[in-house]
Amino acid sequence: MVAAGLYYGFLAIWATSSPPHVVQNIASLAPFWIVYGLLLVNTAVCLWNRLPVLRRDLSSSRRWGSLGTYLFHVAFFFLAVGFVLTLLGRQEASVWATVGEPFESRPDQFRSASAPRMMAPGVPALSFEVERITPEFWRDELLFTTLEADLRFPSGSTATTRINRPLWVSPATFLRMSGFGYTPRYELLDRDGLILDSAFVKLNVFPPGQRDYFTLPDFPHRFYLEVMPDVAIEEGVPVNRSLNLAIPAVALHVHRGRLDLGRAVLVGAQAYEFEGLRLRFPEIRYWGEFSIVRDPGAPVVFLGYIVGLVGLLLKLTGRRPEAEWSAGRGEHHG
Amino acid sequence: MGEWFSVAFWACMTIYAVVVAAQIFGQVFNKPRWVERATYGVAGGLALHTVLVAWRWIETGHVPTIGNFENGLVGGWFIVVMTLWAGWKQRYPLLAAGALPFALIIMGGGAMSDTSARPMVASLQSFWLYIHIFFAWLAYGAYTVSCGAAVVYLTKSGKNKSADGEVLGRLDELMFRSVVFGFITDAIMIASGSIWAKNLWGSYWSWDPVETWSLLSWLIYGLALHLRITMGWRGRKLAWLLAFAIVGVLVSFWGVNLVMEGSLHVFNVG
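Just so you know, the protein sequences line up as chains A and B, in that order.
All residue numbers in the first sequence are consecutive under this note's numbering, ending with 334.
All residue numbers in the second sequence are consecutive under this note's numbering, ending with 270.
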């Protein structure tokens with residue numbers, strides 16, 4: 001116990017000045033797990049040995065405070081087990097889904113996914129379609145007052161998730177919204193106006209001023225974009241008025257290798273012509289960033305919180321288990 | 001903050017500072033009436049402080065919880081309320097001299113940061129935010145009272161001091177009870193913050209420095225309770241522990257974001 005106390009005390013002090021990823025790396029080392037395991041076993045044994053004392057207290061004098069102490073320390077056991085389950089089984093995957101795009105958990109639809117763990121062979125399969133994404137901003141600043149997404153599931157049910165209100169799909173799995181961006185739909189046309197290619201491209205072009213690019217498989221060009229969600233022309237210059245997607249415009253810059261093929265600001269169905277081709281962006285939608293998280297430890301930890309809180313409150317009932325100060329000569333009596 | 005708000009804010013700070021100075025003066029130069037009358041100053045300062053909190057609330061349209069300034073303003077209010085209650089209830093007005101400096105520190109520190117009104121952003125629109133912050137203020141207020149009581153205990157007791165046993169007994173009891181109160185509310189704060197973190201960041205514990213420090217300070221106060229209940233620590237031993245335990249609270253609330261970058265626990269938004 002003393003060795004564990006010193007070890008974890010040292011780690012705790014060191015962790016307070018270290019970035020989180022360093023602390024998480026420490027939790028993967030053998031000494032951490034050996035001491036942790038011994039503490040877990042020690043806690044379990046102590047709780048087991050304490051049971052007869054608890055039974056005696058409750059049957060003879062109904063000392064609910066004694067039960068409170070017991071429950072509070074049981075809660076530590078729940079927390080410790082929950083923490084282990086999280087380390088061994090937590091999985092998180094990130095998805096960018098555009099409004100109207102069905103997400104079906106195909107491997108190519110994930111932007112990122114955490115590595116498989118001992119108790120988590122893969123990201124849980126989930127299917128949904130984004131019906132609407134609603135961001136709202138305060139004045140003209142990059143402060144969201146609302147960011148939510150309406151989702152439809154294959155069963156026909158719908159639900160809304162917000163940036164701090166996840167959807168629970170099972171006791172250990174939830175879906176949360178963590179960001180959004182713009183998805184322009186491009187149309188590439190030839191000289192005769194025939195559409196050669198058209199698709200939505202999810203780009204990192206939020207907030208306005210952020211620049212991203214995309215390429216097309218059969219063409220050597222690179223297309224750089226910035227999106228102005230609410231453009232107005234002031235003295236011949238396009239100016240962005242707000243962050244709301246009202247009158248969107250695309251600032252396009254085309255390259256072929258090192259050759260600069262020019263740039264333009266395109267509003268609505270306006271097209272840019274280059275090397276016998278025309279490119280336009282008739283539509284811009286939102287994409288939402290969603291995280292699918294499976295954490296088998298979370299329900300256990302939260303149960304531990306409840307048990308611990310009940311224990312603490314029970315401790316307030318009944319007589320205090322220690323000496324009280326006696327007035328007069330300043331002596332205390334047991 | 002607006003001009004009149006600024007005037008009222010600094011007037012409130014001045015009242016608290018004068019109260020602390022008056023109580024210290026009364027204690028050092030053995031003028032108990034200065035100590036007792038300064039308590040009325042605390043009440044007056046608190047009345048003005050309450051007006052400031054309500055003013056800010058109306059101005060922003062939400063509970064003042066965003067940013068170091070608002071957290072300092074409301075956190076300081078809780079500290080003063082609990083100090084006034086404890087001092088009045090325990091008939092020990094000198095408590096303000098030990099506890100009010102912390103209110104001055106967090107309010108002053110908040111005033112040095114961005115004081116402009118900010119909306120309740122989407123990430124903070126959560127039921128759990130209000131629970132988390134409310135119990136944080138209760139906990140930190142209680143810990144501050146325990147620290148203040150500890151400081152007063154240490155100044156009143158000692159080898160060459162003929163302290164009244166009853167007075168020391170009440171202070172000892174106040175230290176213990178305020179730590180118990182703070183420990184329970186701190187536990188609720190940590191749990192509710194963890195649930196909110198799971199909703200907002202996808203993980204109930206990220207080993208963020210603020211999270212780690214708040215857990216560490218909670219464990220220190222848990223240790224203090226253990227030492228009191230099972231080992232019989234009381235009086236000066238407990239007072240010394242509680243006088244220094246407040247450091248963990250100050251660091252987790254304030255120090256981490258001053259010294260480190262990259263904490264997810266950013267009190268200022270925008």
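Treat the hints loosely; a few may be bogus.
As the list claims (entries may be wrong) - Derived DEER-like restraints, expressed as beta-carbon distance ranges:
| id | chain 1 | residue 1 | chain 2 | residue 2 | range |
| --- | --- | --- | --- | --- | --- |
| 1 | A | THR317 | B | SER113 | 39 to 47 angstroms |
| 2 | A | TYR7 | B | SER113 | 33 to 41 angstroms |
| 3 | B | LEU219 | A | SER59 | 31 to 39 angstroms |
| 4 | B | TRP85 | A | GLU104 | 56 to 64 angstroms |
| 5 | B | ARG37 | A | THR317 | 47 to 55 angstroms |
| 6 | A | SER170 | B | GLY2 | 46 to 54 angstroms |
| 7 | A | MET118 | B | ALA54 | 41 to 49 angstroms |
| 8 | B | ALA54 | A | THR317 | 44 to 52 angstroms |
| 9 | B | GLY44 | A | GLU235 | 32 to 40 angstroms |
| 10 | A | THR317 | B | TRP240 | 27 to 35 angstroms |
Quick caveat, the hints were computed from the structure, so don't treat them as lab data.
Where a beta carbon is used, it is the ideal one built from N, C-alpha and C, also for glycine.
Verification of the hints:
1. A:THR317 x B:SER113: 39 to 47 angstroms: At roughly 43 angstroms between Cβ atoms, SER113 (chain B) and THR317 (chain A) fall inside 39 to 47 angstroms, so the hint holds.
2. A:TYR7 x B:SER113: 33 to 41 angstroms: Given about 37 angstroms between the Cβ atoms, the range holds.
3. B:LEU219 x A:SER59: 31 to 39 angstroms: Given a distance of about 33 angstroms, which is inside 31 to 39 angstroms, the answer is holds.
4. B:TRP85 x A:GLU104: 56 to 64 angstroms: 59 angstroms, holds
5. B:ARG37 x A:THR317: 47 to 55 angstroms: 40 angstroms, violated
6. A:SER170 x B:GLY2: 46 to 54 angstroms: 50 angstroms, holds
7. A:MET118 x B:ALA54: 41 to 49 angstroms: 54 angstroms, violated
8. B:ALA54 x A:THR317: 44 to 52 angstroms: Taking Cβ atoms as reference, ALA54 (chain B) and THR317 (chain A) lie about 36 angstroms apart, which means the hint is violated.
9. B:GLY44 x A:GLU235: 32 to 40 angstroms: 57 angstroms, violated
10. A:THR317 x B:TRP240: 27 to 35 angstroms: 31 angstroms, holds
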